[in-house]
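The chain contents come next:
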Amino acid sequence: MYAAASLAILVVMGLALIRAILGPTAFDRLLSVNMFGTKTVLLISVIGFLTNRPDFLDIALVYALVNFLSTIAVLRYFEQHKSAPTDQKESQR
Amino acid sequence: MNWVGHYNYWGAIFLMMSGFYVVISRGNLIKKLIGLNIFSTSVFLLYITMGKIKGATAPILTEASQLTASPQIYSNPLPHVLILTAIVVGVATTAVGLALTVRINERYGTIEEDEIRAKDDSL
Amino acid sequence: MTILDITTALCLTAGCFLGITGGFGIYRLPDFYTRLHASSVTDSACAFLILFGLMLQSGFTLATVKLCFIFFFLVLSSTTATHALAKTARSRGLEPLLGREDKR
Amino acid sequence: METTIDIVLLTFLCITAIAIIYIRKLFCGIMLLGIFSLLSACLFVTMDAVDVAFTEAAVGTGISTILLLGAMGQTNAHEKRPPYQPLIALLVVLVTGSVLVYGTMDLPVFGTPDAPIHLHVAPRYIQQSPIEVGPPNMVTSVLASYRGFDTLGETAVIFTAGIALVALLGSSQKKRPPCASPPQPATLHDHLILRIVGKMFIPLILLFALYVQFHGDYGPGGGFQAGVIFASGIILYSLIFGLNTAMRVVSPKALRLLGSLGVLLFGGVGLLCIALGGNFLDYNTLAARPVDGQHLGIFLIELGVGTTVFAIMVMMFYAFSLRGRNTS
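Residue numbers (the numbering used here), protein chains in the order written: chain A, 4 to 96; chain B, 6 to 128; chain C, 17 to 120; chain D, 11 to 338.
Calculated from the structure, these hints are not laboratory results.
Only a predicted model underlies this, so the values are computations on that prediction, with no experimental measurement involved.
Quick reminder that beta carbons are idealized off the backbone N, C-alpha and C, glycines included.
Not the full set, but computed from the structure, chain A residues with beta-carbon under 8 Å of chain C: (1) V14; (2) V15; (3) L18; (4) A19; (5) L33; (6) M38; (7) V49; (8) P57; (9) D58; (10) L64; (11) L68; (12) N70; (13) L78.
Model the full structure from these sequences, guided by the hints.
As structure tokens, then:
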């Protein structure tokens, strides 16, 4: 049961990874990194139950808290550097 | 077949070599630092791989193992200790590298290796 | 197989189904705003179902409390991050793909 | 089952690494590095290294992404194509890689319990540390007690890195006279929801950091992780509410003080042990019962480590942001 769930989460991670590599805009990549983070939280929780040590949920908890940070940092970077390229032209081609 | 059991080492070596490739083939200093980060992660992976025992659990005592007669097998805690500190030290040294890059950019106006070298030669 | 186990299995199955749907969504959908929608499906419903399924298995322990916290943080942070992302993308002039106007 | 997860995660890691090599936009490289760190943390969890995964979780996505972005914002966001063909580099990499793979042939198979690494000191740590040192988390007892000297060195390295960073980046303020109307630093001011949620999140992050700090003996965690998480909380505050506000809460002077206090606390505990008649960092002498002494010693040095790591991480963030504000 847990094994199947973790495999499914791995599939989702793979799809998000493809999107992160393909892009095309910077926002797409940021979105997939964010999604990757939440999937990591789920994967770590499920692995905790799979290996019978559910007391390791602390790691998932850290990710749930800290994953926020990188998204905010990138958004702040875009606010600060108004001219930073976000590759929007490519997506509209 | 003995060699199948080495896949984890090979994965680590592949990552190590990709990091190494980035460091020696790319001229951009920030890209080089990204490559160094990949390299260091691969080293961490190699160490942790060596510490793992099949069927063992994380080296934190479980309450169940103290009650039952059969002793619980734990993975080797020593590589974990070495790598745990190495990760934090790694981020600190990366920050120093980035600071150097920023200063180089202020002085030379570029962070591409060959342009920096050209400017050095023309002086 | 108790009722609790069956409920957990159902929750995990539904969660994984939603997750894979969202995963395909983020891979296949045509532009950023539609992908945003796909990813928020996996961030909210999928996460909730999987974590709820795990909660049923752990009973009244510290693990359940931690799972509750994880869910709480995840819901707050990922929705806020998605919102802020959409807002920044909009203010940077990324236009949603409307109709098939992009075919020139 | 775990083998399957392991192989899939390893494959993802390799794909990410190849993508990082090929993509020339530095921004994408940084984003992919975040994914790389998430994947490696998952891999560490499957290989039982929960403490390592914890550290990677705290460091990888948050602080290292922020530092890289900070540096990229002050330089160039696009990597130029190198004028030479990297064929020689590829050749060097292939040769080195094949030599290393040849070297792995002599290594024991992944996961065998009788590999040489598991026979020498590890059994002592696993069997004796709960009796000799006390904490159920063997990683903490090895880190703080058996290899305390090593950890002191690592803490000193972090401290030195912080000093080096301030020496490199901190000097610009005096050279540049403050202009008449200082440019308003860009904040995420018009993101109302972000500010409210941030306000809710920051105390929770700080609280969780304290939990990690003091619960590190019993579960995964300890000073290194706690310091990084606490710093993440402060960094989040400064990202949302602006650098000036954050500097009023935690001033750079206080950080310098805290950073050195942490190392001093660590070294001081070691010297205290000598004064009480033991060896350097031999906590048995700190209390009447050796186990109590160990407990006290580990508590104190973890506190020292946490303080130093926190102060240095925030200091690094401040240095990069201040530099960015002055140059742009």
